[in-house]
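What follows is the residue order along each chain.
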Amino acid sequence: MPDIAIEVKNLGKLYRIGQFAGYKTIRETLMGVASAPFRHIRSIGDQPSADSHQSNTIWALKDVSFEVKRGEAMGIIGRNGSGKSTLLKILSRITAPTEGRVEIHGRVGSLLEVGTGFHPELTGRENIYLNAAVLGMKRAEVERKFDEIIAFAEIEKFLDTPVKRYSSGMYVRLAFAVAAHLETEILVVDEVLAVGDAAFQKKCLGKMSNVAVEGRTVLFVSHNFGAIQRLCSRAIWLEKGAVNGLGDSTAICERYLHSSVGFGSGVYKFEDGAGHVIQFLRAELLNSKEEPASTFRADEPIRFRIRYHISRELSGASIALNITDALGSSLWGMSDIDVFPDLYERRLVGTWVYECIAPGNVLRPGTYMVALGAGSGSQYFHHPTPFPFEVSTAGYWRQSHRYFGVGGGPIAVPMKAKMPVPIGEVST
Amino acid sequence: MNMHGQERKGARQTLRLIDMDKVEQAGTTAAPVTVIRPPKGWLPVNLRELWAYRELLYFFTWRDIKVRYKQTLFGFAWAVMQPLFTMIIFSLFFGALAKIPSEGIPYPLFSYAAVLPWTLFSEGLTRSSNSLVAEANLLQKVYFPRLLMPLAGVLSPVVDFAVAFVVLIGLMLYFGYYPSVMMFWILPFLLLELLLAVGIGMWLSAINVEYRDVRYAIPFLIQLGLFASPVVYPVTFVPERFQALYGLLNPMAGIIEGFRWAIVGTEPPSELLIASVAIILVILISGAFYFRRRERAFADVV
Numbered sequence: 000m001p002d003i004a005i006e007v008k009n010l011g012k013l014y015r016i017g018q019f020a021g022y023k024t025i026r027e028t029l030m031g032v033a034s035a036p037f038r039h040i041r042s043i044g045d046q047p048s049a050d051s052h053q054s055n056t057i058w059a060l061k062d063v064s065f066e067v068k069r070g071e072a073m074g075i076i077g078r079n080g081s082g083k084s085t086l087l088k089i090l091s092r093i094t095a096p097t098e099g100r101v102e103i104h105g106r107v108g109s110l111l112e113v114g115t116g117f118h119p120e121l122t123g124r125e126n127i128y129l130n131a132a133v134l135g136m137k138r139a140e141v142e143r144k145f146d147e148i149i150a151f152a153e154i155e156k157f158l159d160t161p162v163k164r165y166s167s168g169m170y171v172r173l174a175f176a177v178a179a180h181l182e183t184e185i186l187v188v189d190e191v192l193a194v195g196d197a198a199f200q201k202k203c204l205g206k207m208s209n210v211a212v213e214g215r216t217v218l219f220v221s222h223n224f225g226a227i228q229r230l231c232s233r234a235i236w237l238e239k240g241a242v243n244g245l246g247d248s249t250a251i252c253e254r255y256l257h258s259s260v261g262f263g264s265g266v267y268k269f270e271d272g273a274g275h276v277i278q279f280l281r282a283e284l285l286n287s288k289e290e291p292a293s294t295f296r297a298d299e300p301i302r303f304r305i306r307y308h309i310s311r312e313l314s315g316a317s318i319a320l321n322i323t324d325a326l327g328s329s330l331w332g333m334s335d336i337d338v339f340p341d342l343y344e345r346r347l348v349g350t351w352v353y354e355c356i357a358p359g360n361v362l363r364p365g366t367y368m369v370a371l372g373a374g375s376g377s378q379y380f381h382h383p384t385p386f387p388f389e390v391s392t393a394g395y396w397r398q399s400h401r402y403f404g405v406g407g408g409p410i411a412v413p414m415k416a417k418m419p420v421p422i423g424e425v426s427t
Numbered sequence: 000m001n002m003h004g005q006e007r008k009g010a011r012q013t014l015r016l017i018d019m020d021k022v023e024q025a026g027t028t029a030a031p032v033t034v035i036r037p038p039k040g041w042l043p044v045n046l047r048e049l050w051a052y053r054e055l056l057y058f059f060t061w062r063d064i065k066v067r068y069k070q071t072l073f074g075f076a077w078a079v080m081q082p083l084f085t086m087i088i089f090s091l092f093f094g095a096l097a098k099i100p101s102e103g104i105p106y107p108l109f110s111y112a113a114v115l116p117w118t119l120f121s122e123g124l125t126r127s128s129n130s131l132v133a134e135a136n137l138l139q140k141v142y143f144p145r146l147l148m149p150l151a152g153v154l155s156p157v158v159d160f161a162v163a164f165v166v167l168i169g170l171m172l173y174f175g176y177y178p179s180v181m182m183f184w185i186l187p188f189l190l191l192e193l194l195l196a197v198g199i200g201m202w203l204s205a206i207n208v209e210y211r212d213v214r215y216a217i218p219f220l221i222q223l224g225l226f227a228s229p230v231v232y233p234v235t236f237v238p239e240r241f242q243a244l245y246g247l248l249n250p251m252a253g254i255i256e257g258f259r260w261a262i263v264g265t266e267p268p269s270e271l272l273i274a275s276v277a278i279i280l281v282i283l284i285s286g287a288f289y290f291r292r293r294e295r296a297f298a299d300v301v
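So the sequences go chain by chain: A and B.
Be aware that the first sequence starts at 0, since it is given in numbering that gives the first Met the number 0, and climbs by one per residue.
Be aware that the second sequence starts at 0, since it is given in numbering that gives the first Met the number 0, and climbs by one per residue.
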């Protein structure tokens, strides 16, 4: 038995983009159709710059090589569009690579989404069978684990209710419960932990660490750096489709956070939101002079200016902004409907700008992340990659620097304090 | 750090429970090796893999059947009403008013025997052609042989067919035709019809992924096909010397004639059927290769 579970060699994936952009005659379209199947093959080994389609193609992955040992948990980090999803899709055989080779020893289970194949009209029980079959479980296997799945999901009472009547929490719990019982030798997991309430997330993380302890091989994409560091021994940092770092997960996460990729200019554009009902377009972090920034004085308010697009009229939706620590644990957040409850009732189609201001003198100097999310009922819309910012020690209210360390926690709001007043006599 | 330790401990306790089944599993399944490489050339259908995924095919078909009449008042009665009312309208207009000959068979029975396979075909064709596009999300999130989708699309209307078949028996008894062993001849024609629907379904579903024109073309094609097939008229309307050509151009002609022959004992189809079988095989095989060729890009294009 070989010791390597996944071997990836010089993997590359070329996407054709902007197919409908610009003009194209019918003849060109027809020619394109006729030669499309061949073009992919011929472009292997060719320099893409050598062909005229240069501007229409993009290497989502290029020359990616790595190995994952049997029983190892490997994390994958990187910005939006860095090729993480493409890599997982190739490993899951959803899409084919353009070049390179992957060798996988063992059955692969891929969880790129929770609840894949769920049908709203079917009952919880029916969806368990359907979803399990879609994930590659045999019926006998599902029957054996059925009780365990419903116990994990805590939905015993609603087993025979159509899932469209479920609350979003129940839906996600059921979906995750099925996924968590997938027992393939290799698991490919994409961000499925970013769902559900805090308690359930914790349960899921627990389940995930089971998987790692059981000696199964895991490939795990997440923006939750805490989870990556806890679950994975090693991590890969992808940048523009190439491996930018590979090694100890803690070291890689730290390097990522401190790189220029980590702290940007304070302006973030999201290009991965197409197709979502609520789609984030852009976020800006502004300092007190209303300039984009990613480093702030400790006493300075931080203004978040978020641009989003709504493609159909909605009710019951909310847009949340969450400040997390560098490891992804939530610290401080707010949903727009918390202060504007009318937005919950109705949202109109269009592009909107939303601003909220986090007052200064709240966060201790350090590195933080901003996570944006939009959702409605059981649906999660766009969740862009969280982006980091830094609170510097400049303007920090603490006069003594002795508590800069761990003491006091992340929230550093000065308390009203009175100078100690002596009771009785003071000896000198 | 403390929290971390606790979670690990909890993890180990659950682990022991799970480990028990894992041992069983590890004993029975050897680790398969999968090699992923850029695909090249024309590939045949991987029948062994399809067989390995038969359970999923069953679940897709089962889901389609389950979901179809959910939240409807009449439920499976719809499976009967559609062909039944079609037959009634045909009998009124083409039978009673236009007096189209029906080879000596009562017109309602004559047309119902053809409406039945035609409904199955059009339903299967529509569902399989739209199957990939309708399940775009599934295509992008999980791997399975893509062929399962058009296959399930063709298989799920068979249940409707079976329900509507009961009405046929009733109609036969009413007009004094007693079902005989001849009826079993329906089975090979049914198989042939499903193969044809899968063949066209593979072509159209794969094209539909890239060009949504298919979705609009299908209802139109089905309407044309209905009148191009011997549903409201007997196949003898087509001159003898064009029969083979007719079967070649419209493979449903041979199948419908076969159904009629098995049900009410009209003339057995001859060269018409041979031509139909030949073209069905061509469509099926070419469809399979085309589908496999386009399959790799489904998740990227859909």
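Since the hints were derived computationally from the structure, they do not count as laboratory data.
Treat the hints loosely; a few may be bogus.
Claimed, not checked - Rough simulated footprint, nothing fancy, chain B against chain A, three-plus residues with beta-carbon under 8 Å:
#, segment
1, 82 to 91
2, 106 to 116
3, 317 to 324
4, 413 to 425
Don't be surprised by glycine CBs; every beta carbon is placed ideally from N, CA and C.
Against the structure, the hints come out as follows:
no.	hint	in the structure
1	82 to 91	holds (count 4)
2	106 to 116	holds (count 7)
3	317 to 324	violated (count 0)
4	413 to 425	violated (count 0)
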